[in-house]
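J.: Listed below are the residues making up each chain.
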Amino acid sequence: MLKQPTPETAPLVRKRVSDPLPVQILLIGLMLLFFIGFIFLPLGLVFAQAFQKGWSVYLESITESYALEAVKLTLTTVAIVVPLNAFFGVTAAWAITKFNFAGKAALKTLLDLPFAVSPVIAGLIFVLLVGSRTPFGSWLGEHGIKIIFSTPGIVIATLFVTFPFVVRELIPLMEAQGRDEEEAALTLGARGWQIVGKITLPNISWGLLYGMILCGARSIGEFGAVSVVSGHIRGQTNTVPLHVEILYSEYNFAASFAVASILVFLALLTVALKVSMEKKFQKNSSHH
Amino acid sequence: MGIELKNITKKFGGYTAIDDISLNVASGELVALLGPSGCGKTTLLRIIAGLELPDGGKIILEDKDTTNLPPREKNVGFVFQHYALFRRMTVFENVAFGLKVLPRKARPSGTEIRDRVEHLLKMVQMEWALKRYPSQLSGGQRQRIALARALAVNPKVLLLDEPFSALDAKVRQELRRWVRKLHDDIHVTSIFVTHDQEEALELADRIVVINKGRIEQQGTPQEVYDHPANAFVYNFLGNVNVFHGRVHNGKVTLGSHRVDAPDEFKNTEEKASQAFVRPHEIGISRIRSSEADLEGTIQEVRLMGGQIGLNLECEGFEHPIEAEIPRDLYINLQLSRGDKVFVSLNRVKVFTGDYAI
Amino acid sequence: MGLFQTKRRNILPGFGLSMGYTVFYLSAIVIVPLSMIFFNTFPMGWDPFVHAVTAPRVLASYRLSFSTALFAALFDAVAGLLTAWVLVRYRFPGKQFLDALVDLPFALPTAVAGICFATLYSPMGWLGATLTKWNITIINSATGIVIALVFIGFPFVVRTIQPVLEEVEQEIEEAAHCLGATRWQTFRKILLPHLFPALLTGSTLAFARGIGEYGSVIFIAGNLPMKTEIAPLMIMSKLDQFDYAGASAVALVLLLISFSMLLALNAIQEWQQKEYR
Numbered sequence: 001m002l003k004q005p006t007p008e009t010a011p012l013v014r015k016r017v018s019d020p021l022p023v024q025i026l027l028i029g030l031m032l033l034f035f036i037g038f039i040f041l042p043l044g045l046v047f048a049q050a051f052q053k054g055w056s057v058y059l060e061s062i063t064e065s066y067a068l069e070a071v072k073l074t075l076t077t078v079a080i081v082v083p084l085n086a087f088f089g090v091t092a093a094w095a096i097t098k099f100n101f102a103g104k105a106a107l108k109t110l111l112d113l114p115f116a117v118s119p120v121i122a123g124l125i126f127v128l129l130v131g132s133r134t135p136f137g138s139w140l141g142e143h144g145i146k147i148i149f150s151t152p153g154i155v156i157a158t159l160f161v162t163f164p165f166v167v168r169e170l171i172p173l174m175e176a177q178g179r180d181e182e183e184a185a186l187t188l189g190a191r192g193w194q195i196v197g198k199i200t201l202p203n204i205s206w207g208l209l210y211g212m213i214l215c216g217a218r219s220i221g222e223f224g225a226v227s228v229v230s231g232h233i234r235g236q237t238n239t240v241p242l243h244v245e246i247l248y249s250e251y252n253f254a255a256s257f258a259v260a261s262i263l264v265f266l267a268l269l270t271v272a273l274k275v276s277m278e279k280k281f282q283k284n285s286s287h288h
Numbered sequence: 289m290g291i292e293l294k295n296i297t298k299k300f301g302g303y304t305a306i307d308d309i310s311l312n313v314a315s316g317e318l319v320a321l322l323g324p325s326g327c328g329k330t331t332l333l334r335i336i337a338g339l340e341l342p343d344g345g346k347i348i349l350e351d352k353d354t355t356n357l358p359p360r361e362k363n364v365g366f367v368f369q370h371y372a373l374f375r376r377m378t379v380f381e382n383v384a385f386g387l388k389v390l391p392r393k394a395r396p397s398g399t400e401i402r403d404r405v406e407h408l409l410k411m412v413q414m415e416w417a418l419k420r421y422p423s424q425l426s427g428g429q430r431q432r433i434a435l436a437r438a439l440a441v442n443p444k445v446l447l448l449d450e451p452f453s454a455l456d457a458k459v460r461q462e463l464r465r466w467v468r469k470l471h472d473d474i475h476v477t478s479i480f481v482t483h484d485q486e487e488a489l490e491l492a493d494r495i496v497v498i499n500k501g502r503i504e505q506q507g508t509p510q511e512v513y514d515h516p517a518n519a520f521v522y523n524f525l526g527n528v529n530v531f532h533g534r535v536h537n538g539k540v541t542l543g544s545h546r547v548d549a550p551d552e553f554k555n556t557e558e559k560a561s562q563a564f565v566r567p568h569e570i571g572i573s574r575i576r577s578s579e580a581d582l583e584g585t586i587q588e589v590r591l592m593g594g595q596i597g598l599n600l601e602c603e604g605f606e607h608p609i610e611a612e613i614p615r616d617l618y619i620n621l622q623l624s625r626g627d628k629v630f631v632s633l634n635r636v637k638v639f640t641g642d643y644a645i
Numbered sequence: 646m647g648l649f650q651t652k653r654r655n656i657l658p659g660f661g662l663s664m665g666y667t668v669f670y671l672s673a674i675v676i677v678p679l680s681m682i683f684f685n686t687f688p689m690g691w692d693p694f695v696h697a698v699t700a701p702r703v704l705a706s707y708r709l710s711f712s713t714a715l716f717a718a719l720f721d722a723v724a725g726l727l728t729a730w731v732l733v734r735y736r737f738p739g740k741q742f743l744d745a746l747v748d749l750p751f752a753l754p755t756a757v758a759g760i761c762f763a764t765l766y767s768p769m770g771w772l773g774a775t776l777t778k779w780n781i782t783i784i785n786s787a788t789g790i791v792i793a794l795v796f797i798g799f800p801f802v803v804r805t806i807q808p809v810l811e812e813v814e815q816e817i818e819e820a821a822h823c824l825g826a827t828r829w830q831t832f833r834k835i836l837l838p839h840l841f842p843a844l845l846t847g848s849t850l851a852f853a854r855g856i857g858e859y860g861s862v863i864f865i866a867g868n869l870p871m872k873t874e875i876a877p878l879m880i881m882s883k884l885d886q887f888d889y890a891g892a893s894a895v896a897l898v899l900l901l902i903s904f905s906m907l908l909a910l911n912a913i914q915e916w917q918q919k920e921y922r
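Chains A, B and C supply the protein sequences, listed in that same order. Here the working numbering is used: position 235 in the first sequence is 235, and no number is missing along the way. Here the working numbering is used: position 13 in the second sequence is 301, and no number is missing along the way. Here the working numbering is used: position 242 in the third sequence is 887, and no number is missing along the way.
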C-alpha cells in the first residue's frame, strides 16, 4: 500500500514513483559499464595513442603538409555542402509546410531516402553517373571536367549523404509554428521576400543552425561514400577521415590517432553545441 | 458601402464551406458573424481578407472590386484568433511592421513611424510595453497589440477572428467592452467572428447568424434575439426549452398539453412543429393563474448568480423543463426541491418543418 | 483582365518557386543518381543478375551483414532501453554529461570509431590483450563487427525511447500501484507495451543503419573472404575490379532490403499513431 502523506511530510511537489535504491544502483552501474566499454575507452584510446610518442610527434602529425591538405579539402567540402543543403532545406520546408498539395507524404519520405542508403552505395551511384567509364562521365572528361577521383565527386557524394539533415529539422519546427505569422505579415502588406526574411527565417534560426551543425558534422566525418569517389590521392583527394585511414593502414598509428583526435574534438564540440542548443529550443518553446 | 459580398461560394474538396453568401456591411458598422464551429464564418472572414480565395462571387471593399487582389493590396486589418504576433520582434517592431514593409516611396520616416506606433500603443493602453516581446505579455495584452498592429496600416476594414476566445472569462468581459468603446471612437468598419452569442449580442451593431455555410438571419441584436427567423437561430441564441409536437388550427401540442399557438398558425393544417420557450420566460407561481398552467415538481435548484435555475418535472412531458427566475421571487415563494408549483409558458415560439439542430 | 488572370490557388507566395527547386534538387542529388543502380542492373539480364547476387561470397556477405546488424540491434534495444530508463528516471551526478555523450556515435566519424575498436581489441590492445589470454578473439570476427555496429546504432534506440518515456503519465503508474501492482508488474504490463513501438522503431533504425555501415566495421572485421566480408565491402571490391554491373546488382539487393525496412518503419509509426491517439 502507498503511504499516506501526513501534513508535515507531504511533499510540495509530487515525487515520481521511484525504483528501490539497489535497483537504481544496479541499473546505473550496468549503464556505466556500457559507457566505459563503448564510449570512454575508445575516446581515451584515441588520445593515448595520439600522444604515445609525445607532443612533438603529435604536432608534427597534424601539421605535416598532407594532413593540412586533407583539412583544407574537408573544410572546402563543408563550406560548399552545408550552405547548399541549408538553402535546399529552407526551400523544401517552406514548400512542404506552408502549402497543401497532393503527394506531400510521399515527398517527405523521399527526402529521407539518403538515410536508408549505405554510404558505399552513395558513392557508387555517382561513380555510375559520372565516372570516367560512363557515357556522361567520358563526355565530361573529353571537355576536361573530372568529377570522380577529384574534389567535385567528394562534394556531390557528401551532398547526397547529408541531404536530409537540415530539412528534417525544419519541417517539424515549421509545422508546429503554422502559417499564422506569415499570413499576418501578408495582411500587413509584406511581400514574399520580406515575409521570408523578416518572419520565417528569424523564427527558424535555431532549428536551421542546429540542422547545419549536424550536416556539417556529418560532412566532416563521412567516410564510406567519400572513400568510393575519392581515389585516395594524397594531397589532392584525401579528406581528413581518409587520411586517418591511410595512416592507419600504413601502421603509422601515432599519426593516425593524432589526426583522429582532431575529429574526436570536433565530434565532442558538436555534441556540446547540440546540448546547449536543445536547451535554447526548450527555453523558446516554453514561452509559447 | 463598407463591404459588399456578392454570392460568395467556397468549397474544400467536396465540402461546401460557404454556400452562396451575400452580405452588406455599412461604413463604420461593427458586425458579428455568429455561428457554431465549422459553420464557415472564419472561412468567410479569411475570404474577405484575401487569405482564402472564393470559388465564386465578388468582394467589394469601399466600392472597389478586390476579389482577386492579394491580401497585401486589400488594405484590411486582420486580428488572428491566436494573435499571430511576430515572436522574434518587440511590441514596437510588431506594430511598426506594416509601415516598415511599405515601398520606399510610401514609407513614412523613422520618426513618423515611431510617433504612429506610440500613438497606437497609447490608444490600446500598452505604451509601457514598447520593448517587450510577445512571450512576456498576457493573452489580453497580446490581443491589444494584435489590434494595434492591425490598425497601424489604416485599414479600410478591420476583421477579427474569434478575438476573445483564447482569453479567460474576466479578461474577455473587460476587453469586450473596451473594444466596443474603441470602435465607437475610431469607427472603422469591422467584422468579427464568434461562436459566443452573448459576445455577439453585447458587442455588435448587427448580427449575422451563419449555419452550414448559409446566412440564417441578420439584424440588430434586439431583432435577432426577439424575433428569431427560425428554429436554428432561436436555439443558437441562448438557452431554450424545445418541445417537439404538432400544430393544428391555432393550437400547438406541448407534451400532452395543447396551448394556443401564435396568431400566424391560426389556420394551418396539421404539421409537425417545434415550440420554443426561453427559461426566463417561464412563470412560476404557487397558485394557478390560468387554465393553461402546467403542474410541475421542482427537481433541481441551481444557483446562477442573480438568477435561480429550476428543473421542473411536469406531467406529460418527457424531459424536465428548465426555468430561470429572479432570486427575489425564489425567496418570496420559499421554493425548495420537491415542491409542487404552477408553470406558465409565456411567449411560446413555434416553428414548423423539420429543422435539424 | 489578362488571359492568365487565373486564380491564385495559394495565398502565401513562392509555392511554384520553392516546389520547383525542391523537386529539381531532390532529383539532381538523390533520385537521378540512385536510379543509376537500376539502369546499370537491368541491362545485365536476369540470369547474370541472379548469378552475381547469389555467388557464394556475396551470399555470405549478405548473411554476415544481416545477422551482425540484427544482433547489434537486439543488443542496442536492451542497452538503449536501460540507458533511456536511467537517464529519464534517476538523478545522479554526471547525468547530463552522459546524456550528451549518447549522441557521440552520431557525431564521431565512422572511420575514427573503426580504428578505435580495431586497436582496442587487437591482441595487444587494452581489451584485446586480456581477451586473448582467455582465448577470445574479437578482431577479424563477426563479434567484432557486432561491437562496432552496437556503437553505431546505440543513439537511435536511446533517442527514440527517451521522449516517450518522459511523456508517460505519472498517473498511469500511480494508478497501477494503487491497484496493487508491483513495480515489476507495472513495468511489464503497463510501461513496456507503451514503450514497445518506440523500442521497435529505434531498433529498426539501428538495424537499417547497421546493414549499410562501412567505415566503423572494415577496420575490425579483417575482411576475410567468406568469413568477415560485409555486403558494402563486396560492392567496394567489385568497384575496384571495375565490375560496375556486379556492384550495382549487389547494391540493388541491399537497397531493396533497406527500403523495405523504411516502409516497415512507416507502417509501424502509422500503427503507433492509430493506437495511441
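Treat the hints as calculated values from the structure; they're not laboratory data. One thing to keep in mind: the hints can contain errors.
Stretch by stretch, here's where chain A covers chain C in the computed footprint (C-beta under 8 Å, at least three residues) [stated by the list, open to error]:
hint	region
1	677-687
2	738-749
3	797-809
4	859-868
5	872-881
6	902-916
Simulated pairs of lysine to any residue, SDA-like, Cα-Cα distance not exceeding 25 Å [stated by the list, open to error]:
hint	chain 1	residue 1	chain 2	residue 2
7	A	146	C	671
8	A	72	A	203
9	A	104	C	677
10	A	53	C	890
11	B	628	B	640
12	A	198	B	394
13	A	146	C	670
14	A	274	C	677
15	B	444	C	808
16	C	834	A	279
17	A	108	C	659
18	A	72	A	20
19	A	279	C	670
20	C	740	A	44
21	C	740	A	269
22	A	279	C	807
23	A	274	C	810
24	A	279	C	810
Ideal Cβ placement from N, Cα and C applies to all residues, glycine included.
J.: If a hint holds in the structure, say so; if it doesn't, say that too.
T.: Hints, one by one, checked against the model:
1. 677-687: Per the Cβ count (7), the hint holds.
2. 738-749: holds (count 7)
3. 797-809: Answer violated; 1 residues pass the 8 Å Cβ test.
4. 859-868: Check passed, 3 qualifying residues.
5. 872-881: holds (count 5)
6. 902-916: holds (count 5)
7. A:146 / C:671: holds, 23 Å
8. A:72 / A:203: Distance ~33 Å between residue 72 of chain A and residue 203 of chain A Cα, so the pair is violated.
9. A:104 / C:677: Measuring from Cα to Cα gives roughly 20 Å; hence the hint holds.
10. A:53 / C:890: Roughly 46 Å between the alpha carbons, so the hint for residue 53 of chain A and residue 890 of chain C is violated.
11. B:628 / B:640: Status violated; Cα separation ~32 Å.
12. A:198 / B:394: At roughly 19 Å apart (the allowed maximum being 25 Å), residue 394 of chain B and residue 198 of chain A satisfy the hint.
13. A:146 / C:670: holds, 21 Å
14. A:274 / C:677: Given pair residue 274 of chain A, residue 677 of chain C is violated - Cα atoms ~33 Å apart, limit 25 Å.
15. B:444 / C:808: The hint is violated at about 48 Å.
16. C:834 / A:279: violated, 33 Å
17. A:108 / C:659: With a Cα-Cα distance of about 19 Å, the restraint between residue 108 of chain A and residue 659 of chain C holds, given a limit of 25 Å.
18. A:72 / A:20: violated, 54 Å
19. A:279 / C:670: violated, 33 Å
20. C:740 / A:44: Answer holds: residue 740 of chain C to residue 44 of chain A is near 19 Å, not above 25 Å.
21. C:740 / A:269: holds, 18 Å
22. A:279 / C:807: holds, 16 Å
23. A:274 / C:810: The given pair, whose Cα atoms are some 21 Å apart, holds under the 25 Å limit.
24. A:279 / C:810: Satisfied, since the Cα-Cα distance of roughly 19 Å is no more than 25 Å.
Of the numbered hints given earlier, the model fails hints 3, 8, 10, 11, 14, 15, 16, 18, 19; all others are met.
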